[in-house]
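J.: Protein sequence lines, in the order shown, are assigned to chains A and B.
Using the numbering used here, you'd call the opening residue of the first sequence number 505 and step up by one each time.
Using the numbering used here, you'd call the opening residue of the second sequence number 505 and step up by one each time.
Honestly, the hints are just simulated from the structure, not real lab data.
Treat the numbers as computed from the prediction; the structure is a model and nothing was measured.
Misleading hints may appear alongside valid ones.
Remember, identical chains collapse to one label, so a pair may be satisfied in a single copy or spanning two.
Each computed DSSO-like pair below joins lysine-lysine, with the alpha-carbon atoms no more than 30 Å apart [to be verified]:
| id | residue 1 | residue 2 |
| --- | --- | --- |
| 1 | K901 | K867 |
| 2 | K865 | K529 |
| 3 | K565 | K838 |
| 4 | K529 | K786 |
| 5 | K873 | K901 |
| 6 | K901 | K854 |
| 7 | K565 | K854 |
| 8 | K529 | K885 |
| 9 | K596 | K901 |
| 10 | K705 | K543 |
| 11 | K854 | K623 |
2 protein chains.
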Amino acid sequence: MKTVEGGVCAAKGFTASGIHCGIRKSRTKRDLALIFSEKPASCAAVYTTNLVKGAPLEVTKSHISDGIAQAVICNSGNANTCNSDGIEVAEKMCDLLANELMIKASDVVVASTGVIGQKMDITPIKNGIPRLVSELSPYGNENAAEGIMTTDTVKKELAVSFEIDGKSCTIGGMAKGSGMIHPNMATMLVFITTDAAISPKMLKKALSTDIANTFNMVSVDGDTSTNDMVTVLANGMAGNRLIDSDGPDFDAFMQALNTITVSLCRMIAGDGEGASKLLECKVTGAADKQTAKTVAKSVICSSLLKAAMFGADANWGRVLCAIGYSGADVDVNKIDVAFRSNQGTIEVCKNGAGVDFSEEKAKDILLQKEIDILVELNSGKEEATAWGCDLTYDYVKINGDYRT
Amino acid sequence: MKTVEGGVCAAKGFTASGIHCGIRKSRTKRDLALIFSEKPASCAAVYTTNLVKGAPLEVTKSHISDGIAQAVICNSGNANTCNSDGIEVAEKMCDLLANELMIKASDVVVASTGVIGQKMDITPIKNGIPRLVSELSPYGNENAAEGIMTTDTVKKELAVSFEIDGKSCTIGGMAKGSGMIHPNMATMLVFITTDAAISPKMLKKALSTDIANTFNMVSVDGDTSTNDMVTVLANGMAGNRLIDSDGPDFDAFMQALNTITVSLCRMIAGDGEGASKLLECKVTGAADKQTAKTVAKSVICSSLLKAAMFGADANWGRVLCAIGYSGADVDVNKIDVAFRSNQGTIEVCKNGAGVDFSEEKAKDILLQKEIDILVELNSGKEEATAWGCDLTYDYVKINGDYRT
Numbered sequence: 505m506k507t508v509e510g511g512v513c514a515a516k517g518f519t520a521s522g523i524h525c526g527i528r529k530s531r532t533k534r535d536l537a538l539i540f541s542e543k544p545a546s547c548a549a550v551y552t553t554n555l556v557k558g559a560p561l562e563v564t565k566s567h568i569s570d571g572i573a574q575a576v577i578c579n580s581g582n583a584n585t586c587n588s589d590g591i592e593v594a595e596k597m598c599d600l601l602a603n604e605l606m607i608k609a610s611d612v613v614v615a616s617t618g619v620i621g622q623k624m625d626i627t628p629i630k631n632g633i634p635r636l637v638s639e640l641s642p643y644g645n646e647n648a649a650e651g652i653m654t655t656d657t658v659k660k661e662l663a664v665s666f667e668i669d670g671k672s673c674t675i676g677g678m679a680k681g682s683g684m685i686h687p688n689m690a691t692m693l694v695f696i697t698t699d700a701a702i703s704p705k706m707l708k709k710a711l712s713t714d715i716a717n718t719f720n721m722v723s724v725d726g727d728t729s730t731n732d733m734v735t736v737l738a739n740g741m742a743g744n745r746l747i748d749s750d751g752p753d754f755d756a757f758m759q760a761l762n763t764i765t766v767s768l769c770r771m772i773a774g775d776g777e778g779a780s781k782l783l784e785c786k787v788t789g790a791a792d793k794q795t796a797k798t799v800a801k802s803v804i805c806s807s808l809l810k811a812a813m814f815g816a817d818a819n820w821g822r823v824l825c826a827i828g829y830s831g832a833d834v835d836v837n838k839i840d841v842a843f844r845s846n847q848g849t850i851e852v853c854k855n856g857a858g859v860d861f862s863e864e865k866a867k868d869i870l871l872q873k874e875i876d877i878l879v880e881l882n883s884g885k886e887e888a889t890a891w892g893c894d895l896t897y898d899y900v901k902i903n904g905d906y907r908t
Numbered sequence: 505m506k507t508v509e510g511g512v513c514a515a516k517g518f519t520a521s522g523i524h525c526g527i528r529k530s531r532t533k534r535d536l537a538l539i540f541s542e543k544p545a546s547c548a549a550v551y552t553t554n555l556v557k558g559a560p561l562e563v564t565k566s567h568i569s570d571g572i573a574q575a576v577i578c579n580s581g582n583a584n585t586c587n588s589d590g591i592e593v594a595e596k597m598c599d600l601l602a603n604e605l606m607i608k609a610s611d612v613v614v615a616s617t618g619v620i621g622q623k624m625d626i627t628p629i630k631n632g633i634p635r636l637v638s639e640l641s642p643y644g645n646e647n648a649a650e651g652i653m654t655t656d657t658v659k660k661e662l663a664v665s666f667e668i669d670g671k672s673c674t675i676g677g678m679a680k681g682s683g684m685i686h687p688n689m690a691t692m693l694v695f696i697t698t699d700a701a702i703s704p705k706m707l708k709k710a711l712s713t714d715i716a717n718t719f720n721m722v723s724v725d726g727d728t729s730t731n732d733m734v735t736v737l738a739n740g741m742a743g744n745r746l747i748d749s750d751g752p753d754f755d756a757f758m759q760a761l762n763t764i765t766v767s768l769c770r771m772i773a774g775d776g777e778g779a780s781k782l783l784e785c786k787v788t789g790a791a792d793k794q795t796a797k798t799v800a801k802s803v804i805c806s807s808l809l810k811a812a813m814f815g816a817d818a819n820w821g822r823v824l825c826a827i828g829y830s831g832a833d834v835d836v837n838k839i840d841v842a843f844r845s846n847q848g849t850i851e852v853c854k855n856g857a858g859v860d861f862s863e864e865k866a867k868d869i870l871l872q873k874e875i876d877i878l879v880e881l882n883s884g885k886e887e888a889t890a891w892g893c894d895l896t897y898d899y900v901k902i903n904g905d906y907r908t
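Chain A extracted, bound-state conformation (with noise of 0.2 Å):
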């Protein structure tokens, strides 16, 4: 497996565009995307189990029940939730780009990003579509990355190439993250992107299968959105046998969407509002997996560890204490903790008590960008990984004042 270049455009047939039609008053700001493949591709997608769903994902749902799409559009700017009149909204989007591409309108997936309870003016969007359609490139997937992003720093993409059957297949993604990030079976919005050629029952069964120990696993503040959803696009443009069933190619497409959905969670967690880390919590000889996940997410979710990471305070005690309020079934006698970055690792805590350790080593590791967070149950086999980000002051001022 190898990256390349070219996001959600890398594999073969797939254009994209991002413009600023107008939803956002800032005009360097993009807020509308497509994505286009040029045949009808296998589509899957999971959603938010929020009870309070955004109007497009409704309208996703029910388009994509045959497994089947063409392609993705989604605005930034205004989350079309919690409007009376925001399934029209979304069909309405729907209809004009299928009249632009001469597609069918069930064809098109539809995702909305942004404040929740505002309506939403159906005019930018119209008057967007002409030239949203007539940008598409082989080129346009950065434009189409900055097109969804709300208060995201940076552009969240990438693809990778591999091998099916002996043939060279490409997935490629984008996604945005931020805010409201605490996803439960779906999650924020990702759009993924392969040409290998795979039936939608077996692309749905590895996307559900795959956001169990990825999307799942990521929190930025605890809050699950009322918009989460990941696509998957898969047009067989790569020309390798249809993966119709379990099997070595089944495993080997597995892969390849797990590199580009572990990078993706995080690109997002790094980039959580506010964030000045990224936190990835890795816990290890769990009873179960259930146990090594419930662990890990209730580490990464603390406000009070995340509070300490961001001042550089190896305050291992509240790592402990989320472990003990977790709701798992674990020995607090039997955890060691340490933390590590690319300045080393340190061990500050063995069988459940504190170690003697250097407060100037804890700290030169734990000023690093990018800090692990090292769980050890001393309890079984099993692990699990989540991603998370400190809690900032930026994360308050961000969100003290999102809507004006």
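Place chain B on chain A using the hints.
T.: Chain B alone, transformed into the frame defined by chain A:
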């Protein structure tokens, strides 16, 4: 029922004291507190559900297994948790105190609060106990309330008098809160004293029933501490007929207890770490009690909503979002939301969708120190209240470097 002076010393037969013994570096901060009852008292306590439990909790649990206690000792500055010699140190505190007071060590309740995982030196406590005991006074309640503070900015105490069986009874309490506040079946450190005569069994019942709707509905930061504990001492000196079963006397006691606990909840939430505002979420119209509680607590715990309240931003979409991911089974299309303070009430959401409202009026309301978030589910008659605070720069500041 009427409010009276004296905190934990208000009830007959109780004295208290608080000194600086040297656990905390700053000489101006008291770090050791004592409450003493002239007569052995009925005692009930509830503890954190965190698997990592402070050593003092284990010792207290064993000491009050007979339902009787006569003194409470509590230090701040060190939680005596995750230390290999924790139990030994906590037992020693009780022994030294019992010796000085000439009571049984098994009638001492012990508590500690502060940093987790640092060895606690018994020396300053040993040296301080004679002075602590010599300073016991019916006016020592304020010093005791100060002695248990960590990052709390204000003392938290109150007392009320009430009647049982024609006899005037008094109940008073003190608390420490601030950070790592998200109690679960128990809570931060709260000490309540009363001269009402009530059996240990009924006292336990009163406390367990009460906390489900009071302390367990408070959250500052979602972190359930390792050292949470609420204890009540009832020494019977009011001379009322012993409450040893359900009935009007028990109800009167419950009502007085609830007055104390609700006030302490508001004090703890309003003085949450870095807080500039007290938030109270009142959920009405729920189909069942658990739904009301789940919804209220989810709203009060949302980092995004807490940051919006800090910024006086009427971002009600975050209220709906938090209800949607709470896990409660609600019909989101029936939900009404309003914000209320001493500047009035403003409705912002009706039937799950936004209504036009004056941003100026909303700002006026949200700029106050105490904000009510009113959620009407329109699905039944049950209700619940939860208490929290806003998320501010100061929370990050306080917790970014707590240990130094």
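J.: So, for every hint listed, does it hold in this structure?
T.: A quick look at each hint next to the structure:
In the homo-oligomer, the alpha carbons of K901 and K867 lie at most 30 Å apart both inside one protomer (26 Å) and across protomers (17 Å), since each shortest distance falls under that limit. Taking the closest pair of Cα atoms, K865 and K529 come within 30 Å of each other only across two copies (24 Å); inside a single copy the shortest separation is 46 Å, beyond that limit. Taking the shortest alpha-carbon separations for K565 and K838, only the inter-copy value of 23 Å comes in at or below 30 Å, while the best intra-copy value is 46 Å. In the homo-oligomer, the alpha carbons of K529 and K786 never lie at most 30 Å apart, since the shortest distance is 41 Å inside one protomer and 36 Å across protomers.
For the homomeric pair K873 and K901, the shortest alpha-carbon distances inside one copy (21 Å) and between copies (19 Å) are both at most 30 Å. When the C-alpha separation of K901 and K854 is checked against a cutoff of 30 Å, the pair qualifies only between copies, where the shortest distance is 29 Å, while the shortest distance within a copy is 37 Å. Taking the closest pair of Cα atoms, K565 and K854 come within 30 Å of each other only across two copies (26 Å); inside a single copy the shortest separation is 48 Å, beyond that limit. For a Cα distance limit of 30 Å, the shortest separation of K529 from K885 qualifies neither inside one copy, at 52 Å, nor across copies, at 44 Å.
In this assembly of identical chains, the alpha carbons of K596 and K901 never lie at most 30 Å apart, being 35 Å within a copy and 47 Å across copies at closest. With identical chains, the CA atoms of K705 and K543 are at most 30 Å apart within one copy only, with a shortest distance of 18 Å there and 73 Å across copies. For the identical chains of this complex, K854 and K623 are inter-copy neighbours only, at 14 Å across copies versus 54 Å inside a copy, given an alpha-carbon limit of 30 Å.
The earlier numbered hints that this structure contradicts are 4, 8, 9.
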